[in-house]
Structure formats: C-alpha cells, structure tokens
Amino acid sequence: MRPAGETKCVGVIDTTFSRVDMGSVAETVLRDLLPEYRVLRYTVPGIKDIPGAARRLIDMGCEGLITLGWVGPAEVDKLSYLAMSVGLVTLSVLTGKVIVDVTVHEDEASDPRELKEIAVNRARAHAENLAKLLKGGLDALRPLAGQGIRQGRPSVGPL
Amino acid sequence: MRPAGETKCVGVIDTTFSRVDMGSVAETVLRDLLPEYRVLRYTVPGIKDIPGAARRLIDMGCEGLITLGWVGPAEVDKLSYLAMSVGLVTLSVLTGKVIVDVTVHEDEASDPRELKEIAVNRARAHAENLAKLLKGGLDALRPLAGQGIRQGRPSVGPL
Amino acid sequence: MRPAGETKCVGVIDTTFSRVDMGSVAETVLRDLLPEYRVLRYTVPGIKDIPGAARRLIDMGCEGLITLGWVGPAEVDKLSYLAMSVGLVTLSVLTGKVIVDVTVHEDEASDPRELKEIAVNRARAHAENLAKLLKGGLDALRPLAGQGIRQGRPSVGPL
Amino acid sequence: MRPAGETKCVGVIDTTFSRVDMGSVAETVLRDLLPEYRVLRYTVPGIKDIPGAARRLIDMGCEGLITLGWVGPAEVDKLSYLAMSVGLVTLSVLTGKVIVDVTVHEDEASDPRELKEIAVNRARAHAENLAKLLKGGLDALRPLAGQGIRQGRPSVGPL
Amino acid sequence: MRPAGETKCVGVIDTTFSRVDMGSVAETVLRDLLPEYRVLRYTVPGIKDIPGAARRLIDMGCEGLITLGWVGPAEVDKLSYLAMSVGLVTLSVLTGKVIVDVTVHEDEASDPRELKEIAVNRARAHAENLAKLLKGGLDALRPLAGQGIRQGRPSVGPL
Numbered sequence: 001m002r003p004a005g006e007t008k009c010v011g012v013i014d015t016t017f018s019r020v021d022m023g024s025v026a027e028t029v030l031r032d033l034l035p036e037y038r039v040l041r042y043t044v045p046g047i048k049d050i051p052g053a054a055r056r057l058i059d060m061g062c063e064g065l066i067t068l069g070w071v072g073p074a075e076v077d078k079l080s081y082l083a084m085s086v087g088l089v090t091l092s093v094l095t096g097k098v099i100v101d102v103t104v105h106e107d108e109a110s111d112p113r114e115l116k117e118i119a120v121n122r123a124r125a126h127a128e129n130l131a132k133l134l135k136g137g138l139d140a141l142r143p144l145a146g147q148g149i150r151q152g153r154p155s156v157g158p159l
Numbered sequence: 001m002r003p004a005g006e007t008k009c010v011g012v013i014d015t016t017f018s019r020v021d022m023g024s025v026a027e028t029v030l031r032d033l034l035p036e037y038r039v040l041r042y043t044v045p046g047i048k049d050i051p052g053a054a055r056r057l058i059d060m061g062c063e064g065l066i067t068l069g070w071v072g073p074a075e076v077d078k079l080s081y082l083a084m085s086v087g088l089v090t091l092s093v094l095t096g097k098v099i100v101d102v103t104v105h106e107d108e109a110s111d112p113r114e115l116k117e118i119a120v121n122r123a124r125a126h127a128e129n130l131a132k133l134l135k136g137g138l139d140a141l142r143p144l145a146g147q148g149i150r151q152g153r154p155s156v157g158p159l
Numbered sequence: 001m002r003p004a005g006e007t008k009c010v011g012v013i014d015t016t017f018s019r020v021d022m023g024s025v026a027e028t029v030l031r032d033l034l035p036e037y038r039v040l041r042y043t044v045p046g047i048k049d050i051p052g053a054a055r056r057l058i059d060m061g062c063e064g065l066i067t068l069g070w071v072g073p074a075e076v077d078k079l080s081y082l083a084m085s086v087g088l089v090t091l092s093v094l095t096g097k098v099i100v101d102v103t104v105h106e107d108e109a110s111d112p113r114e115l116k117e118i119a120v121n122r123a124r125a126h127a128e129n130l131a132k133l134l135k136g137g138l139d140a141l142r143p144l145a146g147q148g149i150r151q152g153r154p155s156v157g158p159l
Numbered sequence: 001m002r003p004a005g006e007t008k009c010v011g012v013i014d015t016t017f018s019r020v021d022m023g024s025v026a027e028t029v030l031r032d033l034l035p036e037y038r039v040l041r042y043t044v045p046g047i048k049d050i051p052g053a054a055r056r057l058i059d060m061g062c063e064g065l066i067t068l069g070w071v072g073p074a075e076v077d078k079l080s081y082l083a084m085s086v087g088l089v090t091l092s093v094l095t096g097k098v099i100v101d102v103t104v105h106e107d108e109a110s111d112p113r114e115l116k117e118i119a120v121n122r123a124r125a126h127a128e129n130l131a132k133l134l135k136g137g138l139d140a141l142r143p144l145a146g147q148g149i150r151q152g153r154p155s156v157g158p159l
Numbered sequence: 001m002r003p004a005g006e007t008k009c010v011g012v013i014d015t016t017f018s019r020v021d022m023g024s025v026a027e028t029v030l031r032d033l034l035p036e037y038r039v040l041r042y043t044v045p046g047i048k049d050i051p052g053a054a055r056r057l058i059d060m061g062c063e064g065l066i067t068l069g070w071v072g073p074a075e076v077d078k079l080s081y082l083a084m085s086v087g088l089v090t091l092s093v094l095t096g097k098v099i100v101d102v103t104v105h106e107d108e109a110s111d112p113r114e115l116k117e118i119a120v121n122r123a124r125a126h127a128e129n130l131a132k133l134l135k136g137g138l139d140a141l142r143p144l145a146g147q148g149i150r151q152g153r154p155s156v157g158p159l
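Protein chains in written order, with this note's numbering: chain A, 1 to 159; chain B, 1 to 159; chain C, 1 to 159; chain D, 1 to 159; chain E, 1 to 159.
Please keep in mind that the hints were generated in silico from the structure rather than gathered at the bench.
Careful, some of the hints might be misleading.
One copy or two, it doesn't matter: identical chains are merged, so the pair holds either way.
To be verified - Here are the simulated PhoX-like pairs of lysine-lysine, each with C-alpha atoms no more than 25 Å apart in a straight line:
#: 1; residue 1: K135; residue 2: K78
#: 2; residue 1: K8; residue 2: K132
#: 3; residue 1: K116; residue 2: K78
#: 4; residue 1: K8; residue 2: K78
#: 5; residue 1: K8; residue 2: K97
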C-alpha cells in the first residue's frame with residue numbers, strides 16, 4: 001500500500017453561483033472511473049475564483065482537474081468567462097496538467113429543464129473525457145478525432 | 001504570543017473611483033470573522049491599479065484578498081474590467097492565493113439607492129466568502145454547490 | 001542510429017469537436033516531409049484543451065507543433081477561440097517552439113462540402129509550413145513574404 | 001550623500017501618437033512632489049510600446065511609473081488599448097511596482113479644447129496619485145475610498 | 001574586430017499572409033540606419049506566428065525587433081490581432097527588448113494603391129523609430145512627445 005501522500009489525485013472545481021450541482025455529477029463519474037485516484041472537490045463562489053482554486057489543487061498534487069463554470073447571460077458575464085478561460089489556459093500552459101474547462105451558459109436554453117439536462121450531461125461527458133485523458137494518454141480520444149462530438153447536446157457528426 | 005511578522009494577514013483593496021465605500025464594509029466583516037488575522041486595507045485610484053496592489057499585499061504576507069472594483073458604464077470601462085480580471089486571475093494562478101475579485105458595475109441599476117445597496121451587500125457577502133474559504137478549506141462552500149447563490153441581489157436558487 | 005529519446009519530434013493536436021479529421025491530414029504530410037522526426041498525435045475534446053496538450057507535447061520533446069482547432073459559430077466560441085489563441089501565443093513566447101495554430105471556423109462557409117475542403121486544404125498547407133519552418137530556419141518562407149498567401153482558400157496575391 | 005545608483009527613481013512614459021504633451025505635465029508634478037527621486041522620461045511611438053518601455057524603466061531601478069496613453073477612436077485602437085492594459089497589469093503583477101496606467105480616448109470629447117483640458121488635468125491628477133502612493137504607502141488614498149473621484153473630469157461623489 | 005557572436009542584432013518579422021512586402025522595406029531602412037547591427041529577417045505564415053518567431057530571434061541575440069503584421073477584415077482577424085498583440089506585449093514585458101509591433105489592417109482603405117502606400121510608409125516610419133529607440137535611448141523620441149505623429153498616414157499634430 002502506497003502512503004497517502006503518493007496517491008494520485010484528481011480535482012473537481014465547481015461554484016455556488018451555478019444553478020445545477022454539476023460538481024457532484026463529475027465527482028461520481030471520477031470516483032467510478034478512477035478508483036485509484038483521490039477525488040478532491042472544491043467549491044468556490046463564481047467562475048473568476050476557479051483558476052486560483054485550480055492552482056491550489058495542483059499544488060496539492062492533482063494531475064488532472066475538471067472545472068465546472070456557470071456563466072450568466074450579461075455582457076459582463078461573457079468577459080468574466082474570457083478572463084476565467086485565459087486563466088485556466090495559462091495554468092495549463094505553465095504546468096502541463098490536464099485541465100478540462102467545462103462551462104454552461106445560462107442563455108444556451110430558455111427551458112430550465114433543458115438547461116439542467118445540458119449541464120448534467122456535459123459534466124458527465126467531460127468527466128469521462130478527463131478520466132480517459134488521464135488513463136489513456138495521447139491515444140485516448142484518437143478514435144473520435146474529427147467526429148463532431150458534442151457534450152451536453154447530441155453530437156453533430158463529421159461532415 | 002507569535003511575533004508580528006508571523007501574524008496571518010488578509011487584504012482589502014478598494015478604489016477612490018468607487019461611489020460606495022465597499023472597503024469599509026469588507027474590513028468590518030473580516031475583522032469580525034477573522035480576529036486572528038491582521039486586516040490590511042489598500043485604497044488605489046481605479047480598477048486597473050488593483051492587480052499591482054494585490055501583488056504588493058501578497059508580498060507583505062497576505063494569504064487572502066478581497067478586491068472591490070467599481071466599473072463605469074462605457075465600453076472602455078468594460079475593457080478595463082477585462083484587463084483587471086485577467087490580471088487578478090493571473091496573480092491567483094501564479095501564487096495560489098485566495099483572491100475574491102468583486103465588482104459593481106455602474107449600469108447594474110439606474111436607482112442610486114439600489115446600486116448602493118447592491119454594493120454594500122455584495123461586499124459583505126464576498127467578505128464572508130473570503131473568510132470561509134480561508135478558514136474552511138476545500139469544504140467551506142460545499143453545501144452551497146450548484147445552489148444559484150448571488151451576492152448583492154437575491155439568490156436565484158437551483159434549477 | 002540515435003537512441004529513441006534523442007529522435008526529433010513534432011506534434012499534431014486536434015479535437016473530437018472538429019467535424020473534419022484534420023489531424024490525419026497533417027499527420028500524413030508531416031510523416032512524408034519530416035521522415036527523421038517522430039510524429040506524435042494528440043486528440044483532445046475541444047479548442048480550450050489545446051494549449052495544455054501543446055505544453056505536454058513540448059515537455060515530451062517536440063520542437064514543433066501544429067494545432068488544428070474547430071471553432072463554433074456562437075459568441076462564446078469566438079471568446080474560446082481568443083482564449084486558446086492567447087494560450088498558444090503565450091506558450092510560444094515562453095518556449096520559443098514553432099507552434100502553427102490552425103483553425104477552421106464553422107461559419108466560414110455554409111456549404112458543408114466547401115467547409116470540409118477548406119479544412120483539409122488548410123491542414124495540409126499549414127503542415128507543409130510547419131515542415132518548412134522546422135527544416136528551413138529563418139529563410140524558409142522568405143520567398144513568399146508579402147505575397148498574400150492564404151491556406152484553405154485560394155491565395156489573393158500581393159497588391 | 002548617496003551614490004547616483006542608489007537614488008530612488010520614478011518614470012514617465014508617453015507617446016508621439018498623443019496629441020497632448022501629457023508627459024511634461026506629469027514630469028513637472030513628479031519633480032515637484034518627489035524631489036528626492038530621479039524622474040526618467042521615456043517617449044515611445046504608441047500605446048503598444050508602453051509595456052516594454054515600462055519594463056526597461058523598472059530594470060533601470062524605477063519604483064513607480066506613470067504611463068500616458070492616447071487611444072484612437074477605431075475598433076482596432078480599443079483592442080490595442082486592451083493589449084496595452086493587459087501588458088501593464090501583467091507587469092505590475094510580476095514586479096509589484098506601482099504603475100499608474102493613464103489613458104485619454106480621442107472619442108471622450110468632440111471639442112479639441114475640452115479634450116486637451118481632460119488630458120492635462122488627468123495627467124496632473126494621476127501624477128499626484130503616483131506621488132501619494134509612493135510616499136504614503138497603503139494609507140495614502142484611504143480618506144478618498146469610495147468617494148467617486150474622477151481624473152480629468154469633475155468627480156461625481158459618493159452615492 | 002568583434003567576433004560574429006557578439007555583433008549586435010536586430011530582427012524583422014513579416015508574413016506570407018501580407019499583401020505588401022513590408023519586410024523588405026524595414027530591412028532596407030535598418031541596414032541603412034544601423035550599419036553596425038546584423039539584420040535578421042524571419043518570414044512566418046500569419047500574425048499568430050509572430051510572437052513565437054520574436055522569441056526565437058531574441059534567443060538568437062536580437063536587441064530589437066520590428067514585426068509587420070497584415071490583419072484581415074473579419075471578426076476572427078480582429079481577435080487574432082488581439083492575441084498577437086497580447087503575445088508581443090507579454091514578450092516585451094518578460095524580456096525588456098524593444099519590440100515595435102506594426103500592423104496594417106486590410107479595411108483601413110478600400111483603394112489597393114492607398115493601402116499599399118500606407119503599408120510601405122508605415123513599415124519605413126516604424127523601422128526608423130526602432131533604429132532611433134535602439135541608438136538614442138530614453139531621449140530618442142522626446143522632441144516628438146504629444147505631437148500627434150502618425151505612421152502610414154499624415155500626422156495629425158497636437159491639439
């Protein structure tokens with residue numbers, strides 16, 4: 001048995017701003033698909049808090065992260081989305097860690113049930129992607145290259 | 001008694017541009033909820049001065065920061081908001097410190113009283129968030145994950 | 001014969017989101033034009049996953065990369081395009097590696113056959129550019145300076 | 001008397017693109033308010049040259065800088081404004097130096113005399129801010145927190 | 001005579017996307033004004049390739065660079081312009097090198113002859129600026145501060 005400090009670790013970051021508990025969806029998938037990893041869950045207020053939280057989880061030893069952001073419909077929300085995205089991309093460039101940056105935008109659907117379904121499906125599908133990327137290396141998603149895959153909505157397929 | 005240099009420290013950054021003294025609201029909350037921390041207050045002219053001030057407070061030993069920006073209604077203000085947000089996200093990615101980046105946008109409400117109320121409530125709610133994040137670690141906000149929490153306005157709840 | 005660890009390496013990054021398998025097009029070109037290089041292929045979910053994957057391939061020894069992104073038509077897709085671009089530019093600034101960042105935008109053409117043709121041609125042309133830049137150094141593309149060259153569509157020529 | 005190399009230094013960066021000599025205004029204020037500092041003046045072509053110049057002045061020992069940008073009215077000017085702002089914010093995050101980033105936008109006023117007056121007043125007011133921040137530390141601007149202070153135009157006051 | 005490795009070096013980066021050979025214009029100016037410098041010319045496909053090329057030229061010893069970008073008229077081109085600008089500004093902030101970032105936007109003029117004239121004049125004027133900045137230090141452009149200087153079009157003068 002390896003000491004706790006050497007257990008592999010994967011992180012789930014979500015927000016209190018979100019209107020769907022996507023973090024629990026991702027957590028369940030990752031515990032199922034990555035039984036040899038510790039799964040760390042970190043809930044922060046909103047999307048601009050995610051990059052700093054991601055840094056802290058990486059400093060705690062996580063090799064991969066899924067971040068689950070909920071983006072409001074106003075112009076300022078779009079700018080915050082951009083800042084968050086730049087932050088996560090910068091973190092991945094600096095560390096090389098696998099960071100799957102997932103967002104649901106409140107204006108993606110007007111029907112609350114549809115929006116919730118998108119959120120749940122997207123969190124699940126991308127948690128599966130994270131598990132594949134961590135376990136399968138470069139070849140994990142190769143069979144799906146160029147296949148028009150979508151998460152949260154039906155895939156559109158290749159042209 | 002620990003020497004002064006070892007006291008934990010938390011920072012509040014606000015601006016002279018702001019039309020509401022959000023810094024004093026946050027300062028009061030943090031002194032109340034984090035009695036074992038020194039609270040450093042740093043007032044700068046406007047939002048683009050905030051990231052540099054944040055760096056200086058971190059260099060002075062702060063483990064967490066709340067920044068309180070007031071964003072004007074013009075297009076240039078939105079671009080400045082984006083630059084400030086990218087700066088703070090970059091700082092959190094480089095240092096891993098807890099930086100709660102709060103802003104009030106002058107076009108959020110047309111009624112001055114409503115705008116002031118939003119500013120005061122948002123500063124208070126996010127100062128409480130900062131205290132929880134510093135003391136509670138990863139689990140501090142977990143019970144509110146996906147609950148549609150808002151600061152400054154009523155929460156909208158989960159879908 | 002040099003040991004495997006010293007073989008030169010070039011990387012191809014593409015996505016499952018893409019509706020055309022541009023990665024295979026680029027891979028074929030690079031294996032043909034750079035027989036002395038190992039060609040590493042890495043498929044990720046979407047464009048915001050590309051900068052982190054690029055960092056990992058550079059850490060595995062790649063001297064050059066071609067990244068093949070597919071950008072949706074919505075506003076959020078454009079912002080994601082910007083975040084990805086900033087990430088790749090930052091990576092190239094930090095490492096000096098040759099990163100040819102190729103994208104096809106779903107709203108470039110309304111006819112699916114035309115869009116597919118653009119994607120295939122652009123992937124091929126830029127894979128050729130990458131090979132030239134890696135082998136020819138500073139002078140590789142000098143004869144085409146200011147010639148209004150386009151990839152995926154016909155060149156427009158100089159004024 | 002301390003050797004020249006140890007004299008404190010503050011920098012003024014302005015542009016040839018600007019239609020008002022804001023640099024001289026700021027220089028006069030800083031020489032008056034900071035007699036113990038060397039004042040370095042650095043004129044560059046346009047706003048995108050400012051962040052690199054700022055880095056060079058910091059490398060020459062400056063503890064604080066005021067940058068005076070003039071922003072044209074076209075969309076590309078706004079994007080250049082954003083790039084410059086991100087650059088200066090990044091520099092302040094990396095170095096912790098006090099960088100007061102001042103801009104005048106050519107579309108702020110249609111009357112040339114009014115625009116010139118805004119530029120002169122803003123340069124003066126922010127040079128005073130820089131002097132206060134360098135000499136007064138964290139508390140320098142505290143009495144004005146949340147007071148709706150404007151530079152170049154009349155202050156709007158608190159709500 | 002100093003060894004080749006110690007010769008001062010200045011770089012010119014241009015693109016095959018450009019419709020005017022601005023690189024040759026800048027090269028001629030720099031060879032004339034900076035006879036003691038080696039002039040390195042580096043042609044890359046498009047504007048997003050410029051920041052990485054700039055990093056490579058700096059790594060080869062260049063003290064200054066002029067980059068000559070041609071920006072298309074579509075929204076995606078504007079976003080690419082922003083990414084390139086952020087990349088170059090970041091590079092100048094990290095290295096302190098003099099990087100004169102020049103662009104011509106295809107929608108600046110509808111007449112091809114006028115557009116070509118803008119491009120040639122702007123490349124020449126900014127190559128002269130680069131030479132002045134490298135040789136004249138902080139004071140090189142001081143006499144033109146606030147004079148409303150334009151490159152490629154007639155200067156507009158001070159207010």
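Results of checking the hints against the structure:
1. K135 to K78: Classified as neither; 33 Å inside a copy, 31 Å across copies.
2. K8 to K132: Classified as within; 15 Å inside a copy, 27 Å across copies.
3. K116 to K78: Classified as both: same-chain Cα gap 20 Å, cross-chain 24 Å, threshold 25 Å.
4. K8 to K78: neither (34 Å within a copy, 35 Å between copies)
5. K8 to K97: both (13 Å within a copy, 23 Å between copies)
Hint check: violations occur at hints 1, 4; the rest are consistent with the structure.
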